[in-house]
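Novice: Numbered according to our numbering, the sequence shown spans residues 1 to 121.
Please note that a few of the clues may not be correct.
Cβ-Cβ distance ranges computed for the label pairs, FRET-style [unchecked claim]:
1. Ala2 - Glu96: 18 to 24 Å
2. Ile87 - His60: 46 to 52 Å
3. Leu7 - Leu71: 19 to 25 Å
4. Thr46 - His101: 35 to 41 Å
5. Ile3 - Thr74: 24 to 30 Å
6. Phe26 - Ala70: 28 to 34 Å
7. His60 - Leu91: 53 to 59 Å
8. Leu67 - Leu7: 23 to 29 Å
9. Phe5 - Arg94: 34 to 40 Å
10. Pro66 - Ala6: 21 to 27 Å
No wet-lab data here; the hints were simulated from the structure.
Each residue gets a CB set at the ideal place from its N, CA and C atoms; glycine is no exception.
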Amino acid sequence: MAILFALLIGVLTTTGVYLSLRAQTFPVVMGLTLLSYAVNLFLFGTGRLASNAAAVIEPHATYADPLPQALVLTAIVIAFAMTAFVIVLALKTRAELGSDHVDGRADEPAPATEPHKKTPC
Numbered sequence: 001m002a003i004l005f006a007l008l009i010g011v012l013t014t015t016g017v018y019l020s021l022r023a024q025t026f027p028v029v030m031g032l033t034l035l036s037y038a039v040n041l042f043l044f045g046t047g048r049l050a051s052n053a054a055a056v057i058e059p060h061a062t063y064a065d066p067l068p069q070a071l072v073l074t075a076i077v078i079a080f081a082m083t084a085f086v087i088v089l090a091l092k093t094r095a096e097l098g099s100d101h102v103d104g105r106a107d108e109p110a111p112a113t114e115p116h117k118k119t120p121c
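Could you put the whole structure together from the sequences, leaning on the hints where they help?
Specialist: Below is the structure:
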């Protein structure tokens, strides 16, 4: 179970970083969202990863740490609100500028360079 979590966190982190480096706004938003999911899974994994186990068993038994679960729940709510805000902001920017490029510039072709002129010796 821990290996599956580690692989999933690695895949989400890799995909999130890849999408965050794109030039358009929507892939950047999706990349940041995937990164927040990876962090949430990491925080959740710092608690106890056990299947078919109750949170509290007996008075003297070990139990799952509730702090990572509370942190993940809070992070999910905050990430949802921030993602909704960033998507609305990106749509507004797209409507006003006519481009969804991250730095605000449209995709422009590279400027043509003049051929190098040979100077007489």
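Novice: All hints are to be evaluated individually against the structure, with a verdict given for each.
Specialist: Hint-by-hint comparison with the structure:
1. Between Ala2 and Glu96 the Cβ separation comes to about 47 Å, which falls outside the hinted range of 18 to 24 Å.
2. For Ile87 paired with His60, a C-beta distance near 49 Å keeps the hint of 46 to 52 Å intact.
3. At roughly 22 Å, the beta carbons of Leu7 and Leu71 sit within the given window of 19 to 25 Å.
4. The hinted window of 35 to 41 Å between Thr46 and His101 holds, with their beta carbons roughly 38 Å apart.
5. Taking 24 to 30 Å as the suggested C-beta distance range, the pair Ile3 and Thr74 conforms, at roughly 27 Å.
6. A C-beta distance of roughly 31 Å is found between Phe26 and Ala70, which places it inside the suggested range of 28 to 34 Å.
7. Roughly 55 Å separates the CB atoms of His60 and Leu91, a value that falls within the hinted 53 to 59 Å.
8. Under the hint 23 to 29 Å, the C-beta atoms of Leu67 and Leu7, about 25 Å apart, fit the expected range.
9. The hinted range of 34 to 40 Å is satisfied by Phe5 and Arg94, whose Cβ atoms lie roughly 36 Å apart.
10. The beta-carbon spacing between Pro66 and Ala6, approximately 23 Å, falls within the hinted interval of 21 to 27 Å.
Checked against the numbered hints above, the structure violates only hint 1.
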